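Peer 1: Sequence:
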Amino acid sequence: MSVETIYKVILYPFINESIASLKAMASVAGESDDAFMDKVEDFRFKGYAVCSDITGSLDGVIMMHHYPETAVAIGNAVCQNMFGETYDYSEINEELGNALAEWGNTIVGRSTDLHSRHNLDYQFSSPYFVNDVSDMDKYLVGVKEIVTVPIKIDGIGRYYFNLLVRSASISGGGLKRDESQGVANPYSTALPTDSRILLVDDSSLIRKGMKRFLSQIGYTNVDEVDDGAKAVAMVKDNCPDFIFMDVIMGEVNGNEALKAMREAGSDVPVVMLSSVTDQELIDECQALGISGFIFKPINSENGPQTLKDYLKIA
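Numbering (the UniProt record's numbering), first residue to last: 1 to 314.
Keep in mind the hints are simulated off the structure, nothing from the lab.
Computed from a prediction, not measured in an experiment: that's the story for all the values here.
Some clues are possibly wrong.
With a cut-off of at most 35 Å between alpha-carbon atoms, the simulated DSBU-like pairs for lysine-lysine come out as follows [as the list claims (entries may be wrong)]: (1) Lys259 x Lys211; (2) Lys39 x Lys144; (3) Lys152 x Lys138; (4) Lys211 x Lys312.
Start from the sequences, fold in the hints, and give me the full structure.
Peer 2: Here you go:
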């Protein structure tokens with residue numbers, strides 16, 4: 001199997017989504033260099049990686065791989081873009097970790113969603129993070145090939161995509177995403193500013209950003225939870241006036257929480273958020289009655305206006 005085939009079928013969507021997310025979430029430009037075959041015996045862990053296991057016709061791991069200083073710079077840029085403030089941390093802390101997790105989850109989520117649309121016979125695991133050098137040896141067991149693509153970032157440095165291949169039997173051409181513009185709120189009457197709004201997202205970065213954006217447009221009565229199950233409980237016990245809810249979360253996903261709310265008789269307006277633009281998922285949520293669907297990312301420049309456009313009830 002050629003480098004070109006692996007790049008086009010597996011890596012191409014990840015490369016494109018990462019460069020697009022750099023621009024949207026960190027306001028920095030990136031570009032990819034040519035793919036090449038890395039020597040397995042010379043491969044070294046650089047210090048920080050977002051990974052997804054691949055099973056099926058391809059057995060391996062895909063990594064978005066950084067030196068720690070590059071990860072810190074990207075994390076600072078994501079925070080700065082989200083909050084409109086200067087960030088200058090020198091090491092990965094909880095806040096940068098949350099920012100990098102949101103960036104990595106967005107890239108992997110959108111890329112694996114694109115793969116799934118083409119009925120290919122391999123699957124990706126949920127993304128996870130590796131930042132311990134001692135953890136890397138187990139990923140190299142049985143690896144026969146490593147395809148590497150460097151990504152250059154203006155003013156920051158490089159990170160790398162590595163595809164660690166144990167075995168593979170795939171064919172095909174490149175995959176391309178059709179850009180989605182989201183699903184607009186169909187109403188025209190704004191939600192009163194003293195209304196109670198609930199934010200449901202497992203990313204503390206997103207909750208912090210959205211809470212700030214809401215405050216900027218006059219909404220300060222805001223609660224937040226990090227899982228769909230908690231949102232269902234809050235709607236049952238003390239119903240909010242409006243909900244912004246992420247789709248992919250830990251215990252209970254947003255679409256499942258939405259269904260539970262509707263089955264319990266709640267008609268609270270809900271706007272869904274996701275980095276995954278799966279049309280079946282959108283159709284499912286619309287059938288349950290939503291007031292719009294926002295596709296991430298959002299940031300300090302577009303966040304306040306985006307939320308204002310969706311905060312309509314009649």
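Peer 1: Does each hint hold? Answer for all of them.
Peer 2: Checked hints:
no.: 1; hint: Lys259 x Lys211; in the structure: holds, 25 Å
no.: 2; hint: Lys39 x Lys144; in the structure: holds, 9 Å
no.: 3; hint: Lys152 x Lys138; in the structure: holds, 28 Å
no.: 4; hint: Lys211 x Lys312; in the structure: holds, 17 Å
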